[in-house]
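Number of protein chains: 2
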Amino acid sequence: MAITIKDVAKMAGVSISTVSRVLNNSKPVSEDIRERVEQVIKETGYVPNPVARSLVMRKSRIIGVIVPNISNGRIGEYLSGIEEVGRMYQYDLFLCNSYGELKEEMKYVELLRSKQVAGMVFLSWKLQEKVVDLIKESKIPTVFVSKNTEEFEDIHSVGVDHFHAAYDMTNHLIGLGHKKIAFLRTSIEDDIQDSTVFKGYAKAHSDNGLDISMNYVLQGDASSDSGYHLAKQLIEMREGRPTAIFASSDEAAAGALGAAIDTGLKVPDDISIAGYANTAITSLIRPALTTIHQPLYDIGAVSMRSLIKNIEGAQDVPETIRLAYSIVERSTTRALREDEK
Amino acid sequence: MAITIKDVAKMAGVSISTVSRVLNNSKPVSEDIRERVEQVIKETGYVPNPVARSLVMRKSRIIGVIVPNISNGRIGEYLSGIEEVGRMYQYDLFLCNSYGELKEEMKYVELLRSKQVAGMVFLSWKLQEKVVDLIKESKIPTVFVSKNTEEFEDIHSVGVDHFHAAYDMTNHLIGLGHKKIAFLRTSIEDDIQDSTVFKGYAKAHSDNGLDISMNYVLQGDASSDSGYHLAKQLIEMREGRPTAIFASSDEAAAGALGAAIDTGLKVPDDISIAGYANTAITSLIRPALTTIHQPLYDIGAVSMRSLIKNIEGAQDVPETIRLAYSIVERSTTRALREDEK
DNA sequence: ATGAAAGCGCTAACAT
DNA sequence: ATGTTAGCGCTTTCAT
Numbered sequence: 001m002a003i004t005i006k007d008v009a010k011m012a013g014v015s016i017s018t019v020s021r022v023l024n025n026s027k028p029v030s031e032d033i034r035e036r037v038e039q040v041i042k043e044t045g046y047v048p049n050p051v052a053r054s055l056v057m058r059k060s061r062i063i064g065v066i067v068p069n070i071s072n073g074r075i076g077e078y079l080s081g082i083e084e085v086g087r088m089y090q091y092d093l094f095l096c097n098s099y100g101e102l103k104e105e106m107k108y109v110e111l112l113r114s115k116q117v118a119g120m121v122f123l124s125w126k127l128q129e130k131v132v133d134l135i136k137e138s139k140i141p142t143v144f145v146s147k148n149t150e151e152f153e154d155i156h157s158v159g160v161d162h163f164h165a166a167y168d169m170t171n172h173l174i175g176l177g178h179k180k181i182a183f184l185r186t187s188i189e190d191d192i193q194d195s196t197v198f199k200g201y202a203k204a205h206s207d208n209g210l211d212i213s214m215n216y217v218l219q220g221d222a223s224s225d226s227g228y229h230l231a232k233q234l235i236e237m238r239e240g241r242p243t244a245i246f247a248s249s250d251e252a253a254a255g256a257l258g259a260a261i262d263t264g265l266k267v268p269d270d271i272s273i274a275g276y277a278n279t280a281i282t283s284l285i286r287p288a289l290t291t292i293h294q295p296l297y298d299i300g301a302v303s304m305r306s307l308i309k310n311i312e313g314a315q316d317v318p319e320t321i322r323l324a325y326s327i328v329e330r331s332t333t334r335a336l337r338e339d340e341k
Numbered sequence: 001m002a003i004t005i006k007d008v009a010k011m012a013g014v015s016i017s018t019v020s021r022v023l024n025n026s027k028p029v030s031e032d033i034r035e036r037v038e039q040v041i042k043e044t045g046y047v048p049n050p051v052a053r054s055l056v057m058r059k060s061r062i063i064g065v066i067v068p069n070i071s072n073g074r075i076g077e078y079l080s081g082i083e084e085v086g087r088m089y090q091y092d093l094f095l096c097n098s099y100g101e102l103k104e105e106m107k108y109v110e111l112l113r114s115k116q117v118a119g120m121v122f123l124s125w126k127l128q129e130k131v132v133d134l135i136k137e138s139k140i141p142t143v144f145v146s147k148n149t150e151e152f153e154d155i156h157s158v159g160v161d162h163f164h165a166a167y168d169m170t171n172h173l174i175g176l177g178h179k180k181i182a183f184l185r186t187s188i189e190d191d192i193q194d195s196t197v198f199k200g201y202a203k204a205h206s207d208n209g210l211d212i213s214m215n216y217v218l219q220g221d222a223s224s225d226s227g228y229h230l231a232k233q234l235i236e237m238r239e240g241r242p243t244a245i246f247a248s249s250d251e252a253a254a255g256a257l258g259a260a261i262d263t264g265l266k267v268p269d270d271i272s273i274a275g276y277a278n279t280a281i282t283s284l285i286r287p288a289l290t291t292i293h294q295p296l297y298d299i300g301a302v303s304m305r306s307l308i309k310n311i312e313g314a315q316d317v318p319e320t321i322r323l324a325y326s327i328v329e330r331s332t333t334r335a336l337r338e339d340e341k
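Protein chains in written order, with UniProt numbering: chain G, 1 to 341; chain U, 1 to 341.
No lab work stands behind these hints, which were simulated from the structure alone.
Do not rely on the hints blindly, as some may be mistaken.
Pairs involving identical chains hold if they fit within one copy or between any two copies, as the list cannot separate such chains.
[Claimed, not checked] Simulated crosslink set (BS3-like; lysine-lysine; CA at most 30 Å straight-line): (1) K107 to K6; (2) K115 to K136; (3) K139 to K232; (4) K266 to K232; (5) K115 to K309.
Since the structure is predicted, the reported quantities are computational estimates derived from the model, not experimental observations.
Model the full assembly from the supplied sequences, consistent with the hints where possible.
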């Protein structure tokens with residue numbers, strides 16, 4: 001059996017309340033007694049039992065983290081940031097993999113609530129109203145990271161302005177002379193018009209007096225496989241083959257690049273490709289991928305810090321934190337010559 | 001306040017022990033009472049408080065998972081497997097990122113012990129004796145995943161036979177006619193002779209009557225950056241440039257490939273490259289990377305399953321589980337012509 | 001400033 | 001078969 005507060009009390013010749021007081025600095029304790037207790041703690045290596053603590057305090061130093069896919073590179077980078085600041089503030093992480101499924105998300109929120117977590121970081125490909133409501137009702141301080149956080153009111157969220165990010169990239173492509181820009185969607189919406197990223201893509205077109213053709217807007221998921229197959233479809237178009245592909249995930253963009261190379265196309269000579277998020281693979285593949293840099297690690301870190309501030313300050317002002325993104329032009333995009341436009 | 005066992009007992013008109021019994025099926029309860037209690041539970045949506053449970057049982061349904069780097073692709077795949085079977089058996093994951101540092105690893109083991117986790121999955125780039133000893137002493141059921149598990153006795157481990165995997169790949173390369181095979185090491189050992197993977201590389205040479213040149217054995221880490229710079233060194237060699245590079249991580253191999261492409265070399269025409277682990281990037285990059293397939297997801301899943309079996313069976317027979325690996329020949333390697341040998 | 005005692009929500013030994 | 005009770009290890013009134 002591990003040593004308990006009782007043992008420490010006995011050894012120091014004081015009551016357990018006193019030990020608790022020196023442990024938590026909750027009430028004044030005379031100097032000599034404090035020293036005696038601390039001495040015993042050091043000697044015995046006593047560590048308070050966090051389980052007992054949580055029970056009585058109805059609160060733990062555990063942050064529940066719900067993610068849609070642990071093995072995804074982007075999630076990994078968020079997680080690094082989350083973990084880092086969690087550790088800094090002595091919070092522990094309780095990991096839940098929702099597979100992006102609403103049912104799982106709901107289940108995990110309930111689970112975390114029963115675990116008495118101090119707070120939650122909720123990452124999702126696409127936020128659903130039902131979970132948001134459940135979380136609000138649970139009163140557990142939560143920060144959200146998702147592409148569609150702006151659809152909800154009164155929630156804490158950290159991220160990038162996805163609408164403008166997509167807008168800027170599309171605009172950039174148009175500025176390069178591209179008019180036939182395909183868009184690879186990576187999340188399933190009931191209605192495409194709901195997609196924040198798509199809205200940015202569409203707005204950039206209309207602002208430039210360009211129509212978008214739904215033949216160029218393909219639906220898949222964020223995987224490289226999906227990008228590969230979608231791009232293949234695009235490349236095989238008899239006429240009107242797009243001159244650029246904008247994928248809303250780096251993986252899908254990498255897949256598209258693979259498809260281009262496999263079908264003998266040169267990138268960016270024959271087709272331009274742009275990704276989304278600036279994950280590690282973008283600078284690893286050749287040609288290196290043009291993408292939108294998003295400070296994933298920072299988003300993770302900031303969301304965690306903001307969450308902890310919220311927990312400890314017991315404040316509850318919904319905050320929307322937007323971090324800067326930037327277009328990173330690498331080697332998969334180029335300007336069209338006049339005759340190509 | 002959430003509803004407790006007391007409330008349920010009162011509402012069902014029974015004692016809390018009875019409720020506890022139907023909850024845990026620990027003792028016979030008459031059919032009608034059981035039904036009444038279950039009815040109340042359903043109506044109220046009561047969920048037992050796992051914290052209180054852990055306190056009295058001195059055990060939780062939490063598995064601590066210590067990993068060296070969450071954002072690493074390989075770790076992500078292990079984690080998926082771990083998470084999946086954990087979920088299947090209703091165990092929750094407590095995540096710790098050690099950054100591969102012994103100090104952190106030790107700290108986390110202590111932390112997890114105080115959290116009364118039911119068991120641990122310990123992933124490490126390189127297992128150190130100190131932490132193994134600490135874990136053994138803690139008596140917490142633990143399964144290890146690391147390249148050097150065979151250096152330790154009486155530990156549970158799941159993985160691949162890294163010695164033979166490296167041996168086979170080197171042998172394969174030699175069979176292709178390569179005699180000048182560079183080796184990119186990815187983990188820092190005090191003594192290179194300690195490295196299991198290096199041993200495989202060396203043995204394949206000696207078995208084929210080949211000497212290894214330490215000029216070809218470069219030391220870096222598992223990152224693509226490291227692979228990039230190391231490969232660049234190799235490529236710039238005035239004479240005796242290696243005809244093949246065997247990197248002990250896919251990322252490093254991908255970096256090496258980038259270096260080759262950037263310096264105008266054709267792969268595999270001018271140089272062959274092989275990686276290690278068959279992570280997602282290997283089939284994403286072009287040319288697709290020859291590597292050693294390791295069932296990462298399965299290793300995660302099997303280690304978790306084996307751990308749970310251990311926890312629940314209360315057995316403690318150290319087991320060494322070796323899963324099959326295989327050489328995956330893709331497009332970064334080729335056979336040398338007679339005149340090139 | 002210190003100690004005694006209640007109680008957090010639950011399980012399990014003991015009693016009936 | 002069911003209820004009573006004693007903790008699990010800790011924090012926090014409430015006395016002193």
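Quick rundown of the hints versus the structure:
no.: 1; hint: K107 to K6; verdict: between (38 Å within a copy, 24 Å between copies)
no.: 2; hint: K115 to K136; verdict: both (17 Å within a copy, 28 Å between copies)
no.: 3; hint: K139 to K232; verdict: neither (47 Å within a copy, 55 Å between copies)
no.: 4; hint: K266 to K232; verdict: both (14 Å within a copy, 25 Å between copies)
no.: 5; hint: K115 to K309; verdict: both (20 Å within a copy, 24 Å between copies)
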